[in-house]
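Protein chains in written order, with the working numbering: chain A, 1 to 296; chain B, 1001 to 1296.
Treat the hints with caution; some may be incorrect.
Partial chain B-side listing against chain A, Cβ under 7 Å, derived [stated by the list, open to error]:
1. L1020
2. A1173
3. L1179
4. A1215
5. A1221
6. G1249
7. L1251
According to the in silico footprint, chain A covers these stretches of chain B (three or more CB under 8 Å from chain A) [unchecked claim]:
8. 1034-1042
9. 1130-1141
Keep in mind that the hints were calculated from the coordinates and are not lab data.
Where is the CB? At the ideal position from N, CA and C, for every residue including glycine.
2 protein chains.
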Amino acid sequence: MPASAPDPYPSRRVAAPQLLPRQDPVLHGGPDAPGPLARDELLAFERDGWLLRRGVFSAAEAAALADEVERLAGIADETRISEPDAPAVRSLFAIHRGDGPLARAQRDRRVAGLARQILADEVAFHQSRVNRKPAFDGREFSWHSDFETWHVEDGLPAMRVLSAMVMLTPNTAANGPLLVIPGSHIVFVSCVGEAPPDHHRTSLRRQQYGVPDRASLTALASGRGVEAALGGPGDVVIFDGNLLHASGGNLSPLPRCNLFAVYNAVGNAPGRPYGGGSPRPAHVAEPAPQPAAGSP
Amino acid sequence: MPASAPDPYPSRRVAAPQLLPRQDPVLHGGPDAPGPLARDELLAFERDGWLLRRGVFSAAEAAALADEVERLAGIADETRISEPDAPAVRSLFAIHRGDGPLARAQRDRRVAGLARQILADEVAFHQSRVNRKPAFDGREFSWHSDFETWHVEDGLPAMRVLSAMVMLTPNTAANGPLLVIPGSHIVFVSCVGEAPPDHHRTSLRRQQYGVPDRASLTALASGRGVEAALGGPGDVVIFDGNLLHASGGNLSPLPRCNLFAVYNAVGNAPGRPYGGGSPRPAHVAEPAPQPAAGSP
């Protein structure tokens, strides 16, 4: 972005919340772009900002991935984030690095191919993680747009980025499923309040900045409400980077585990953070494209 | 209960959690008791400890009841309980008193008749309330058996008591629906830890005593899992007084509102609290039967 062009998606350094129109397409290649998704699926994604595909991975594949998560959760390092009120591991980051089973699943064209089709570009990993919501202790994630953070804190210029989530356990009404406000991706909600340095150290446990105001959330949910992504192991949800989403706590006696990859169009490489701060560490946000070349 | 008979359902004053067998029937009149429920519904209730009936009240009836709740929520007195972290009204108690629309709905035989059929007796109100889970601020209810509290703190002798819940708004995966562990009603979970006097002043906001241990919850959910009571205005859920249940927070921008009545068999009138403390106030637990005579 030239220094003279105004930022179309200002946030944090604003005096009051604003609802701003999206400047970028949702389907960057249109509804007839080639790939695994049918035209009606692409149109549903354009309208709703999200899509659930059943049985993308087999039960056996999903079980093997879940086993790998439990193995990794036992290895402590800075890429593991614990629950705010308990020692249990909440998230594991930088899953796409290396060539383990989880990274291979994220390069698999059954997932990465959906991103290439919608973004109409080669795709690179901006971030990846496992959200492992432990039994009883797994706490909620507040409402937010991922793109808001990726723009302000990581320097992604445009809404040409999306997430794919592979369910590794059942996602039920009892264990804190992904909740979305369908259609909210067509509006950018400017959030009030500047985050302190090293915000990521607390925000990954419990987000306080980059959280939309309640009036904006209520307005966007008016009419279309809130939907829950309920499904089982091997199901895949894709959602636009700007879709407002949240998830509740896990009150059930069983953990809930999902694998996330964030696919960014290679033409949308990160620049300087729009919020002016220092970039987040590489394990949370890749500073340069990490191509997600698909399996054949 | 004669002073010499041991309490079959000891709790709080125990050294360790115990899973004790239920001593009372679930269907006190058996599966052929006369009433609105069919034999297969009664057998499902016996097996699961809960049942959902769709469309018991019409949409117009449910809307009128919801309006009455909002009117009452604006009147501050000791029967109104606020959220633990916000001023919003969380619960309203003693709804069955008087002759307003909510009390009439709780005496209606479409609801009270279900209790009479299962408990095989005339029924009296032990308690009633509205749980009005406000948008954004509505917090979770921990896992518990109502009967455990009603026995220890209110002196109900036997498991011959049940709850009916009338949904006044949609109950979705996003707004903190009732969660149950099906089949858990056949076991009494002794809970460790004695509550201080006036426990009800805090327990109605956030329960800390009479909460089953995690190992017991995990064991009881093993195999049958956790189910959510999802439905819409006018749907009715009945559940056994000893069924383990909970509910999540309401993350949605819309309130979630349910009307509860606790129907006790008149032959199961409260005595001295089994925990030895003073009885709770009458607006939380009626000290003497308040007959719930049905409409014709």
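Hint check results:
no.	hint	in the structure
1	L1020	violated (20 Å)
2	A1173	holds (4 Å)
3	L1179	holds (5 Å)
4	A1215	violated (9 Å)
5	A1221	holds (4 Å)
6	G1249	holds (6 Å)
7	L1251	holds (5 Å)
8	1034-1042	violated (count 0)
9	1130-1141	holds (count 3)
Violated hints, in rising order: 1, 4 and 8; the structure is consistent with all others.
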